[in-house]
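*Asks:* Listed below, chain by chain, are the residues.
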Amino acid sequence: MPEEAYIPPPLPGPFTNTTPPPTLLTQGAEAHLYKTIHLDSNTPAALKIRPSKPYRHPILDRRLTRQRILQEARCLVKLVREGVNVPAVLALDWEGQGGENGNGGAWLLMEWIEGPVVRVVFERWEAFIKASGASLSAEELQREEEKVRKLLRGIGSVVGGLHKAGVIHGDLTTSNLILRTEEVNAVPGESPTMQGDVVLIDFGLAGQSSSEEDRAVDLYVLERAFGSTHPRTEKFFEEVLEGYKDSYKGAAVTLKRLQDVRMRGRKRSMIG
Amino acid sequence: MSPTLETISLPHLPSSLPVHVALYRDVQNAPSLRQQLISGNSDFEYAFIDASMVLSRAHVSSAIFRAVNDYLNERLKSRNVHSEIVFSFSSTNNIADSFRKFGISDSTKDLLVVKVSVTPEITHDSVAAHLAQSIEGSPVPFNDETLWEIADVAKIKRAYKLGSLPSAPAGQVNGTGNSDKMRLENSIIGAIALRGAT
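So the protein lines, in turn, are chains B and C.
Here the first sequence is numbered in my numbering, starting from 1 and rising by one per residue.
Here the second sequence is numbered in my numbering, starting from 1001 and rising by one per residue.
Think of the hints as simulated: they come from the structure by calculation, not from any bench.
Being a predicted model, the structure only gives us computed values, none of them experimental.
Glycine included, C-beta positions come from ideal geometry on N, C-alpha and C.
It is possible that some hints are incorrect.
[Stated by the list, open to error] Chain B residues, not near chain C, derived (Cβ > 12 Å throughout): (1) Pro8; (2) His32; (3) Val89; (4) Pro116; (5) Glu145; (6) Val221.
[Unchecked claim] Examples of chain C residues toward chain B, derived with CB under 7 Å: (7) Val1021; (8) Phe1065; (9) Arg1195; (10) Gly1196.
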């Protein structure tokens, strides 16, 4: 197949005016994520676009796109109000560019969160341990591990805050957690900094729920993601639950339910 | 350039639609300005906002951006883009109510004025000249410090039904007070973005 540069769908609505144009960061099945600028200054912002899907019936397409972008925005605004660390919603258009040239698409402009995703932090850490773990003294190793444990407790407490606010993330992985840090560029081979706030991102699959089952599944998904992406940090996962435990009143019940979910997987009923 | 009128080109909006913003304190003629609006005098087609209901520049930009984007997409809910800016401050769909809460009233002392260059005849100079002869008040800079001084935070929280948020002590611009202010600002901006979503 000839290699062709990928051409993303045209930008919707007002972003055709933006100078410099938003730069594409990632592209998923449902949405494109761009980096652009804020409304009021030169600070950066994240722009999530859900392009319309030409293979869907237009009415269904509009309804689904609208529903999903609104769901995401509502969850984020609610969490901002509750003081949970998530990107703030700056502007939103759930109808996208209606009519004329047809390249509709709903969009969501969000606060830019600076810092590496937790997946990268752990990858750097695991690489560091692999390379120089043997030469560390017992004391240094313990300090390194305590650093990881602390970050994991931080993750547990932010997820607890999320659940306390009545929101389920739906796709908790270490790629959807950003360590907001003022870290100067990471030095390859060194142990990465783990100082900073953990911020939850990508609420594309989020929803409002306070059911212990949904909460437990959220934790289970995170646990599984850990197991598959961070073999060396997996053994510390209990620290996430430790951080989660005291974050809200119903946390103990959720943790109990998590044990059931572990036994059967995240699909509750598979009979019939 | 008159120092009292700031002309802003909001990112993402067409450069052909600059926005002119001025802030006044101790306004003496609010009743007559309001009367001009009510009588539909097109010379007075402005967004007149009670500045005590405004938290920050970002708050203002969000409302303007929402209104102008709706204007560009031809889905204004009110008469024109200027009334829509007042309406866009609101988190609810009630237009009359949004004017009562955020628009100019007879007792308004601190006034924020916004005008969008919807036709080429509307320029910085034409707006500056018209405002200079129409508004009896002292022009002050449109910045966060001044807005924060004017803002009635308790009233703003009530208008956005955000009474349960922690209050930043007035005048304090750092420490936890600042993060509380950011949280309030972000909650308001989110509410503006979500208005009308069902």
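*Asks:* Does each hint hold? Answer for all of them.
*Replies:* Here is how each hint holds up against the structure:
Every CB of chain C is more than 12 Å from the CB of Pro8 of chain B (nearest about 17 Å), matching its label as outside the interface. The Cβ of His32 of chain B lies farther than 12 Å from every Cβ of chain C, with a closest approach of about 16 Å, so its non-interface assignment holds. Residue placement check: Val89 of chain B does not keep its beta carbon more than 12 Å from all beta carbons of chain C (closest about 4 Å). For Pro116 of chain B, the shortest C-beta to C-beta distance to chain C comes to about 22 Å, beyond the 12 Å cut-off, and the non-interface label holds.
Every C-beta of chain C lies more than 12 Å from that of Glu145 of chain B, the closest at about 31 Å, which supports listing it as non-interface. No beta-carbon of chain C is positioned within 12 Å of the beta-carbon of Val221 of chain B; the least distance is around 26 Å. Taken as an interface hint, Val1021 of chain C does not check out: its beta carbon lies about 12 Å from the nearest beta carbon of chain B, beyond 7 Å. About 5 Å separates the beta-carbon of Phe1065 of chain C from the nearest beta-carbon of chain B, less than 7 Å, and the hint is met.
Nearest Cβ of chain B to the Cβ of Arg1195 of chain C: about 10 Å, over the 7 Å cut. The hint is violated. Taking 7 Å as the C-beta contact cut-off toward chain B, the hint placing Gly1196 of chain C at the interface is violated, the least distance being around 9 Å.
The structure fails to meet hints 3, 7, 9 and 10 from the earlier list, while all remaining hints are met.
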